[in-house]
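Here are the chains, one letter per residue:
Protein chains: 2
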Amino acid sequence: MTDIMQGIDVLVSEVGPRDGLQSIKSIMPTQAKKDWIKALHEAGIREVEVGSFVPPKLLPQLADTAEIVQYARTLPGLQVAALVPNLRGAENAIASGAHKITIPLSVSETHSLKNLRKTHAQVYDEVKGIVALIKSQPADKRPHFEGSLSTAFGCTLEGAVPESTVVKIGEHLLALGCDEVGLADTTGYANPAQVRSMIKAIWAAVGKDKLTGIHIHNTRGLGLANALAALDIGITTFDSSLGGLGGCPFAPGASGNIVTEDLVFMLDSMGLKTGIDLEKLLKVRDIVKAAVPDEMYGFTPEAGVPKGYVQTSKGGNGWGLGETTLAAE
Amino acid sequence: MTDIMQGIDVLVSEVGPRDGLQSIKSIMPTQAKKDWIKALHEAGIREVEVGSFVPPKLLPQLADTAEIVQYARTLPGLQVAALVPNLRGAENAIASGAHKITIPLSVSETHSLKNLRKTHAQVYDEVKGIVALIKSQPADKRPHFEGSLSTAFGCTLEGAVPESTVVKIGEHLLALGCDEVGLADTTGYANPAQVRSMIKAIWAAVGKDKLTGIHIHNTRGLGLANALAALDIGITTFDSSLGGLGGCPFAPGASGNIVTEDLVFMLDSMGLKTGIDLEKLLKVRDIVKAAVPDEMYGFTPEAGVPKGYVQTSKGGNGWGLGETTLAAE
Numbered sequence: 001m002t003d004i005m006q007g008i009d010v011l012v013s014e015v016g017p018r019d020g021l022q023s024i025k026s027i028m029p030t031q032a033k034k035d036w037i038k039a040l041h042e043a044g045i046r047e048v049e050v051g052s053f054v055p056p057k058l059l060p061q062l063a064d065t066a067e068i069v070q071y072a073r074t075l076p077g078l079q080v081a082a083l084v085p086n087l088r089g090a091e092n093a094i095a096s097g098a099h100k101i102t103i104p105l106s107v108s109e110t111h112s113l114k115n116l117r118k119t120h121a122q123v124y125d126e127v128k129g130i131v132a133l134i135k136s137q138p139a140d141k142r143p144h145f146e147g148s149l150s151t152a153f154g155c156t157l158e159g160a161v162p163e164s165t166v167v168k169i170g171e172h173l174l175a176l177g178c179d180e181v182g183l184a185d186t187t188g189y190a191n192p193a194q195v196r197s198m199i200k201a202i203w204a205a206v207g208k209d210k211l212t213g214i215h216i217h218n219t220r221g222l223g224l225a226n227a228l229a230a231l232d233i234g235i236t237t238f239d240s241s242l243g244g245l246g247g248c249p250f251a252p253g254a255s256g257n258i259v260t261e262d263l264v265f266m267l268d269s270m271g272l273k274t275g276i277d278l279e280k281l282l283k284v285r286d287i288v289k290a291a292v293p294d295e296m297y298g299f300t301p302e303a304g305v306p307k308g309y310v311q312t313s314k315g316g317n318g319w320g321l322g323e324t325t326l327a328a329e
Numbered sequence: 001m002t003d004i005m006q007g008i009d010v011l012v013s014e015v016g017p018r019d020g021l022q023s024i025k026s027i028m029p030t031q032a033k034k035d036w037i038k039a040l041h042e043a044g045i046r047e048v049e050v051g052s053f054v055p056p057k058l059l060p061q062l063a064d065t066a067e068i069v070q071y072a073r074t075l076p077g078l079q080v081a082a083l084v085p086n087l088r089g090a091e092n093a094i095a096s097g098a099h100k101i102t103i104p105l106s107v108s109e110t111h112s113l114k115n116l117r118k119t120h121a122q123v124y125d126e127v128k129g130i131v132a133l134i135k136s137q138p139a140d141k142r143p144h145f146e147g148s149l150s151t152a153f154g155c156t157l158e159g160a161v162p163e164s165t166v167v168k169i170g171e172h173l174l175a176l177g178c179d180e181v182g183l184a185d186t187t188g189y190a191n192p193a194q195v196r197s198m199i200k201a202i203w204a205a206v207g208k209d210k211l212t213g214i215h216i217h218n219t220r221g222l223g224l225a226n227a228l229a230a231l232d233i234g235i236t237t238f239d240s241s242l243g244g245l246g247g248c249p250f251a252p253g254a255s256g257n258i259v260t261e262d263l264v265f266m267l268d269s270m271g272l273k274t275g276i277d278l279e280k281l282l283k284v285r286d287i288v289k290a291a292v293p294d295e296m297y298g299f300t301p302e303a304g305v306p307k308g309y310v311q312t313s314k315g316g317n318g319w320g321l322g323e324t325t326l327a328a329e
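Protein sequence lines correspond, in order, to chains P and V. Each residue of the first sequence is one higher than the one before, starting from 1 at the first, in the numbering used here. Each residue of the second sequence is one higher than the one before, starting from 1 at the first, in the numbering used here.
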C-alpha cells in the first residue's frame with residue numbers, strides 16, 4: 001500500500017498472528033495477541049495480518065479476530081490485514097474495519113477442495129460477492145482486496161502447477177475486481193528461478209502494479225533465497241512470521257513461514273529500509289514465548305547481530321558496504 | 001577445476017569431512033570417513049575437502065587426513081582437497097597426493113592470530129614456501145593452490161572488514177603465486193548485497209578466473225540467499241557440509257556451513273546441473289548419523305522432495321519450469 005510504503009523500500013508483512021497461530025494447537029489469549037501486535041508495531045512493523053474470519057469451530061485459535069482487528073486499528077499507521085475465505089468472512093472483516101482483506105484461492109483445485117472446500121468456480125462466486133460488497137461501502141470503508149494465489153509453485157496433492165494456469169487464474173481474479181493478486185508458496189516448493197519466472201509471467205499479463213507481494217514458506221530451506229529472487233526483480237512486500245511460527249495445516253509437511261527476524265536482518269544488512277528496529281523485533285519473541293509453548297525458529301535470534309553492526313533503521317547502512325540489489329527497473 | 005566441471009554448471013564442494021568434523025568433539029572412525037566419502041562420490045559429488053593437515057594434538061578428529069586423502073584418490077573423477085595451515089601441512093598434503101590444497105588467511109588479523117596463530121606476514125611466508133615447494137614438484141604432482149580469504153565478510157573479534165582490505169590481501173596472495181583465491185564467510189556475517197559487491201571488487205582487481213568459489217556459513221539463516229547472490233553473478237563453486245555439520249570453533253557463535261542437501265535441492269530445482277543425485281545424497285546422511293552422535297541439520301531432508309519432482313540429474317528440468325539464473329556474463 002502506498003501510504004504504508006512511504007519512506008521504506010520493503011514492506012515486511014507480519015502474518016504470525018494469522019498463519020502462525022492457525023497452524024498450532026495452542027490458543028493464544030486475546031490480550032497476548034494484542035500485546036504481540038502492539039510490540040510489532042512499536043518495532044516498526046507496518047502491516048500485520050491479524051487473523052482470519054473463519055467459523056470459530058474450524059479455527060478456534062482465531063475466534064477473536066474481529067476484536068483483534070478493532071484493536072489493531074487503534075495503532076497509528078498500521079495496515080490491518082485479515083484473511084477471508086468467503087463473502088460472509090468479508091462482511092465481518094469490513095464491519096470490524098480491516099484495511100486489507102485477502103481471499104486465498106488454491107491454484108491446485110484439489111487443494112482448493114481440501115482447504116476451502118470449494119471449486120475454483122465457487123471461489124470466483126465469493127470473489128464476485130465480495131467485490132459487490134466493497135463497492136456498496138462508503139469510500140472510506142472500502143478495504144484493499146487481494147486474491148492470493150496459493151499453491152502457486154506446486155501442490156503436495158497435485159504436484160507441479162503450470163505457470164500458465166497461475167497466470168490465467170490471476171488474470172481472472174483481477175477481471176472479477178480484485179485490486180491485486182499475491183503469490184503464495186503454500187507448500188514450500190518454490191525455487192528462485194521459478195519465483196522470478198512466475199512473477200515476470202504475471203507482470204507480463206496484468207502489469208507490475210497488480211502483483212507487489214509474495215508469501216514464502218521455508219519448508220526446504222530456500223525461503224530467503226526465494227525472497228531475494230523476488231526482491232531482485234522488484235517485489236516489495238514480503239509475508240513472514242515471527243519465529244517462523246505457522247504453516248498450512250492442510251498441506252502435510254508444508255510448515256513454516258519464513259522467519260521475520262532473519263528476513264529483516266537480510267534486508268537491513270543489505271542497506272534496505274524496512275522501517276523496523278531489529279533489536280526491538282528480537283525482543284518481541286518473548287511475548288509469543290510467554291503466551292504459547294510452541295517452538296520458535298530463526299537463526300539471527302540465536303546468533304545475534306554481527307559485532308559492530310549498525311542498523312539501517314538507526315541511520316546506519318547495515319552491513320551492506322555499498323550497493324543494494326533493489327531492482328532499478 | 002576444469003576437468004571436474006565438465007558437463008556440470010555448478011560444482012558443489014563437500015567440506016563436511018573437514019569443516020564439519022573439525023568443529024565437533026566426536027572423532028569419526030577412519031572407516032566411516034571412507035564410507036562417507038565413497039557414498040558422496042557415488043551420489044555424484046565431484047570435490048570433497050577430506051581433511052586438514054594440522055598437528056593431531058590440535059585436531060585429533062582429523063589425524064587420519066593423509067590416509068583419507070590416499071583413499072579418496074582412488075575414487076575416479078573425484079577432486080581431493082585438503083586444508084593446510086602452513087608449509088609443513090602442504091608437504092604432507094602433496095606427499096599424500098591431494099589434488100587441491102587451501103591455505104586459510106583470516107583477513108581480520110586478530111582472527112588470524114587466534115586461528116592460525118600467525119600474523120598476515122607470517123602467513124605470506126608460508127605461502128611463499130608452499131609456492132616454491134609446488135614448483136619443485138614434477139608437473140603431475142603439483143596441486144591446485146588456493147588462498148582462502150576467511151572472515152572476508154566481517155569478524156566476530158574485529159567487526160566490519162573493509163572490502164578494500166579483502167581485495168588487497170587477495171591480490172597479494174595471487175602475486176605470491178596462489179593459483180586462485182576463495183571467499184569465506186567464516187562468521188556468517190555476509191548478506192547478498194555484500195557478497196555481490198565483494199566478488200565484483202575482487203574480479204575487477206584480479207580477473208574472474210582467479211575467484212570461482214565461495215564458502216558460506218548459515219549462521220544467520222542467509223546462507224542460501226548468499227549462495228544465490230554469488231550464483232547470479234557467476235560464481236560456480238560452493239562449499240557446503242552434509243547436514244550442515246561444522247563451523248569454525250575459533251569464532252564463537254559462528255557455527256554451521258550451508259547444508260549440502262538444501263543447496264543441491266536449490267540448484268537442481270532451478271534446472272542447474274550439479275551432477276548430483278539428490279535422492280542418493282539424502283541417504284548418505286545415514287552413514288554420518290551412524291558414526292557420530294552430533295546433530296545434523298537441513299530442511300529438504302525433513303520435507304523430502306516435492307511431489308512429482310524430477311531431478312535435473314535424472315534428465316528432468318527440476319522444478320525450474322523455464323529459465324535458470326546462471327549469469328550470462
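If you're looking for bench data, these hints aren't it; they were derived computationally from the structure. Predicted, not measured: the structure shown is a model, and the values here were computed from it. Please note: incorrect hints may appear among the correct ones.
Identical copies carry no separate label here, and so any pair may be met within one copy or between two of them.
To be verified - Okay, derived cross-link-like pairs now, DSS-like style, lysine-lysine, Cα gap no bigger than 27 Å in a straight line:
| no. | residue 1 | residue 2 |
| --- | --- | --- |
| 1 | Lys307 | Lys200 |
| 2 | Lys208 | Lys57 |
| 3 | Lys307 | Lys118 |
| 4 | Lys200 | Lys57 |
| 5 | Lys168 | Lys289 |
| 6 | Lys114 | Lys283 |
Out of the numbered hints, which ones does the structure contradict?
2, 4, 5, 6
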